[in-house]
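There are 2 protein chains.
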Amino acid sequence: MAPATRRSAILAAGALPAAAAAPPALPEWGAALGPGVIEEPYGTRSRHETATRRYVPWLTPDRVSSVSFTPLADMQGIITPSGLHFERHHGGVPDIPPDDYRLMIHGLVERPLVFTLEDLKRLPQVSRICFIECPANGGMEWRGAQMSGVQFTHGMLSGSEWTGVSLRVLLAQAGLRPGASWLLAEGGDASHLARSVPLAKALDDAFIAYAQNGEAVRPQQGYPARLVLPGYEGNMWIKWIRRIEVGDRPWFTRWETRTYADLMPDGLSRQFTFVNEVNSVITAPCPEKSLRGRPGFVEISGLAWSGAGRVRRVDVSVDGGDNWRTAELAEPVLSKSLTRFRIPWEWQEGQRAFLQSRAMDEHGRVQPTITALRAARGTESIYHKNSIHTWLVEPDGTVVNVQID
Amino acid sequence: MAPATRRSAILAAGALPAAAAAPPALPEWGAALGPGVIEEPYGTRSRHETATRRYVPWLTPDRVSSVSFTPLADMQGIITPSGLHFERHHGGVPDIPPDDYRLMIHGLVERPLVFTLEDLKRLPQVSRICFIECPANGGMEWRGAQMSGVQFTHGMLSGSEWTGVSLRVLLAQAGLRPGASWLLAEGGDASHLARSVPLAKALDDAFIAYAQNGEAVRPQQGYPARLVLPGYEGNMWIKWIRRIEVGDRPWFTRWETRTYADLMPDGLSRQFTFVNEVNSVITAPCPEKSLRGRPGFVEISGLAWSGAGRVRRVDVSVDGGDNWRTAELAEPVLSKSLTRFRIPWEWQEGQRAFLQSRAMDEHGRVQPTITALRAARGTESIYHKNSIHTWLVEPDGTVVNVQID
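Keeping their order, the protein sequence lines are chains A and B. If you count by this note's numbering, then the first sequence holds residues 1 to 405, one letter each, in order. If you count by this note's numbering, then the second sequence holds residues 1 to 405, one letter each, in order.
Treat each hint with caution, since some may be false.
Any copy will do: because identical chains look the same in the list, a pair fits if it lies in one copy or spans two.
[Claimed, not checked] Restricting the straight-line Cα-Cα distance to at most 20 Å, the calculated cross-link-like pairs of lysine to aspartate or glutamate (EDC-like) are:
#: 1; residue 1: Lys289; residue 2: Glu118
#: 2; residue 1: Lys201; residue 2: Glu394
#: 3; residue 1: Lys289; residue 2: Glu394
#: 4; residue 1: Lys289; residue 2: Asp99
No lab work stands behind these hints: they were computed from the structure.
Required output: the full structure, derived from the provided sequences and hints.
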């Protein structure tokens, strides 16, 4: 801490509120009793708060197979409230009575099994705080669109604490037969989205989650149970999961051939790209949280993540990548979890700035520039865009989305 | 992992679901499209989920100055959803428009200051996952009541990720004057609850939080801003905070003399007892989650916490303390945070068992027995009960709250 009698750098930078001439008058809310306990047995947020999930009308033909975005500009820390978790549905949200839920495990197993939800809850638990990201996050940017704010450039991203039962445990119950090397995980909604998962991943850290942020998984997130594949792209985290089939090769479902396959410059697609690459974005300031009328001290803050492990370092530039400073990473820094970074800055009216963040993970993976990404992977791709993102701060403090190298 | 072809101990213990003779029929929810995205722009939980905060009608004369309890039996992991966070109000919940909110810092400072909410949000941020516990948690048990479930024995306890601005930063803005050694923190609600806080704590890890679990603090938890004092008793985490006065001695408010003071056997009270002691409770099984009809494998799971730092170890007994086994602590194990512990067990119908957990923190503090607690601190006290708790599993699997040594 700075010596208590010295004006701090923050103070000098102009963030000081007006000195109090007199204490504020007693407000009306301090002079009357409010509602008591359990007026809301299940609580809701303040009526003054308005952040919501949003969608892009032109992006999909309907809202049944569409996406909504988390308002990242309003999010603090590394946990996303479940009510603001982004959505991606392919056949809408099913309403599944928990007593009627079943999960079948079959295929190359010794004992095909059908689990009720209660069966799953009886088995040993695992919990994990981790991020989930749709691999199409930022895909519109890749193709040249410049969306109006961080909710749309990066908002298919959320962080939760998930709890459930390890696939290791479930597969041990069923008993794997010789040759077992892949799983097919299939959803119980009308789209029956199905993805092939390597057995090695299933035996590593995959689990069936029935809880999210302490309570039951929300309907939009797969109630009553979904697959969690830490670090893997979000569409593989099968929601409303009804079936796991064990086999000896991938299935090549339409969900991993027609969609969710990385189109390369030569016109071919990568077969599978499971892991979300190291990535980061500045969430303050951003287009939704401008600097208009706010000269002086600014704390630049954002989120970093890597599907391969822990974030090791985040560098921040205010001049479009000419100079970089290393940001502070807020504890806890967890593997395959959102990591919050922060760094102080000072902005003056009339100053133009290009804000960028560049994350590195524990394996040394670093975000590329948008130019390097396009050079390697072309301009027609959608998935796994992880290039360095740029916010332009205009001289008046307005923040806009630009693409520079 | 157990070899895939070997029947695991869990399986042998009888947790196996019925082998699937045929796959389940396609359920109706898999044959029709559901609602699309942003049907709920701010999401709610499944209509099938019913866990709620509850209160005890005979405990307080009204609900304006009362308490509601978190349904710990339904909680997983270490994050409590904000909608189920326990409540303790002394004058009901004020409705504070965020633009009208003010925080004044005055007293032994060089520059009295008044902060708006926007001022607070501009300053450097801190985030922390930590527990909050009312010091009266378990007080009814201490006096001999045996409440019907873990929601009422331990439910004045929740865990959240809080984000805000450090008191270090705010006090540096105001500048401390010679002799400054205590703060008074006062709430803006009609009760104006006010507590004295040592300056050393304020400069260590205290902060003013405006976010909880990623979004704005909920009204019942102090919207738009509250004090967070990691590890200190919950009533000191002043909600709707309006004023911090710096002084050279504690204030001895009614909130720290008439209430929230530990009554000792000799009739005197301890002057201050800020830190919540090391504690733990088994949340599964418990009275709300019995073992009736569920012989075989049981995972005993619960929560441990210490206001002094990290939980180092949790031992579990199934025979009332004659024998102990050490449970697994789930990652992350964070200082002054809830820590989830788990340990496998096997229960057979007809078996009576006395389940206990005993936590130790990084400083070597260990939970006492209820007899040892009463011997040291008498039977008329309410606050800071942290004795080992016992659930009796009856031969039919019913779980009841008992007090044994």
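Each hint tested on the structure:
no., hint, result
1, Lys289 to Glu118, "between (45 Å within a copy, 12 Å between copies)"
2, Lys201 to Glu394, "neither (46 Å within a copy, 41 Å between copies)"
3, Lys289 to Glu394, "within (13 Å within a copy, 58 Å between copies)"
4, Lys289 to Asp99, "between (45 Å within a copy, 16 Å between copies)"
When each numbered hint is compared with the structure, a violation occurs for hint 2 only.
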